[in-house]
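Asker: Sequence:
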Amino acid sequence: MAISGRETVTVYEADGTVRWEHRHRDWQHSPGASGACTPDPAGRVLLATMAGPLGTDGLSAGDVCRALDLATGDVLGEHVLPSRAAAYEFQAFPDARPEVLLTASMGQDGTLCFLITSTAAGIDVRATGTVTEACVGVGPEGALVIQDIGGGYLTRTQDGTDDVLLEAGHVLPEGWVFVGYTPGFVDNERILVVAAEEQWAEEGTHLLLDARTLRPLAEVEYPEASGVSAVPLGDGTWLTVDGETVLRWSGV
Numbered sequence: 051m052a053i054s055g056r057e058t059v060t061v062y063e064a065d066g067t068v069r070w071e072h073r074h075r076d077w078q079h080s081p082g083a084s085g086a087c088t089p090d091p092a093g094r095v096l097l098a099t100m101a102g103p104l105g106t107d108g109l110s111a112g113d114v115c116r117a118l119d120l121a122t123g124d125v126l127g128e129h130v131l132p133s134r135a136a137a138y139e140f141q142a143f144p145d146a147r148p149e150v151l152l153t154a155s156m157g158q159d160g161t162l163c164f165l166i167t168s169t170a171a172g173i174d175v176r177a178t179g180t181v182t183e184a185c186v187g188v189g190p191e192g193a194l195v196i197q198d199i200g201g202g203y204l205t206r207t208q209d210g211t212d213d214v215l216l217e218a219g220h221v222l223p224e225g226w227v228f229v230g231y232t233p234g235f236v237d238n239e240r241i242l243v244v245a246a247e248e249q250w251a252e253e254g255t256h257l258l259l260d261a262r263t264l265r266p267l268a269e270v271e272y273p274e275a276s277g278v279s280a281v282p283l284g285d286g287t288w289l290t291v292d293g294e295t296v297l298r299w300s301g302v
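The working numbering puts the first residue of the sequence shown at 51, with every later residue one more than the last.
I should point out that these hints are in silico values taken from the structure, not numbers from a laboratory.
Honestly, I wouldn't trust all of these hints.
[Unchecked claim] Label-pair distances were calculated between CB atoms; the ranges are:
1. 177 with 58: 23 to 29 Å
2. 174 with 81: 17 to 23 Å
3. 253 with 125: 42 to 48 Å
4. 73 with 94: 37 to 43 Å
5. 274 with 223: 17 to 23 Å
6. 238 with 75: 40 to 46 Å
7. 274 with 71: 42 to 48 Å
8. 263 with 175: 28 to 34 Å
9. 55 with 238: 31 to 37 Å
Glycine residues also receive a C-beta, built at the ideal position from the N, C-alpha and C atoms.
Could you build all of it, start to finish, from the sequences and the hints given here?
Answerer: In C-alpha cells:
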C-alpha cells in the first residue's frame, strides 16, 4: 500500500511494516493542496505528485511528479508541472494502457489534466483538456470524458475519432446543468453523469448515457433521494455517498 502525505510518500508491506519512505517539501501556507500516488500499469514504478523545491527567489516553479522505484524508492525521473499547490488525483485506464490520467484541481484557478507515462528515460507528460474543461472519466481505448466547469456540456474525446459533444440544454430540463464533476464509465457501454438545477445542489438526477454517442439511455432510480456524487468503477458498478456511508450499486 502506498500513501501520499504532505511531506512524505510511504510504501507499506502487506504486514504493515514500512518498505520505504520518500520525503519532500511541504506545501507551505496551502492547506488545500494534497498529493497523490499510483503504481504505473506495469507495477514497477510509483508515480507521485508533491510540492516542488523552491527556486533561488523563494518561489516554487511548480509542483512535481516523480517516478519512484516501487521496490526501493529510488527516484527514476521527475517532471515539473505547471500547477502549484493543487489537489491531485490519478485515474488508470481500464484496459491497462501505459498512461494514467492526472487531475490537478486548483480551486478558482481551474483544473489542469495530464496524461502521465513512465518511460525508460523518466516521465512523459502530455496535457489534455483545458483549465475550464476537466477530464474526469477514463474509458477503454483511451477514451476521456470531459465536463466543463460550469456544467453546461460534456465531451467524449479519443485519439483517432471525432469528439462528441452533449449540451446540457439538449437533454436536461431548462436551466439544469451537469454537476458533481465525477462523470465516468460504468462499463464499456455506459457513462454515468449527475444533473441538477444548480451547481451547489445537494441532490441530483443520475443519468446513464451511451458511452460512444452520449445519447441518454435511462435515469437511475434509487430507493431514496440521491446526492450529486457518483463514482463509476468501470466494472458495471458505481459508488454514492449518503452521509458517512459509501454505497456500491449495480444491476442497472
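Asker: All hints, please: hold or fail.
Answerer: A quick look at each hint next to the structure:
Between residue 177 and residue 58, the C-beta spacing of about 28 Å keeps the proposed range 23 to 29 Å intact. The hinted window of 17 to 23 Å between residue 174 and residue 81 is violated, with their beta carbons roughly 31 Å apart. Between residue 253 and residue 125, the C-beta spacing of about 46 Å keeps the proposed range 42 to 48 Å intact. Checking the proposed 37 to 43 Å range against residue 73 and residue 94 shows it is violated: the Cβ atoms sit about 22 Å from each other.
For the pair residue 274 and residue 223, the beta carbons lie near 21 Å from each other, so the given range of 17 to 23 Å is met. A C-beta distance of roughly 41 Å is found between residue 238 and residue 75, which places it inside the suggested range of 40 to 46 Å. Distance hint check: the CB atoms of residue 274 and residue 71 are about 43 Å apart, consistent with the given range 42 to 48 Å. For residue 263 paired with residue 175, a C-beta distance near 31 Å keeps the hint of 28 to 34 Å intact.
Range check, residue 55 to residue 238: Cβ separation about 35 Å, and the 31 to 37 Å hint holds.
Hints 2 and 4, counting from the list given before, are not met by this structure.
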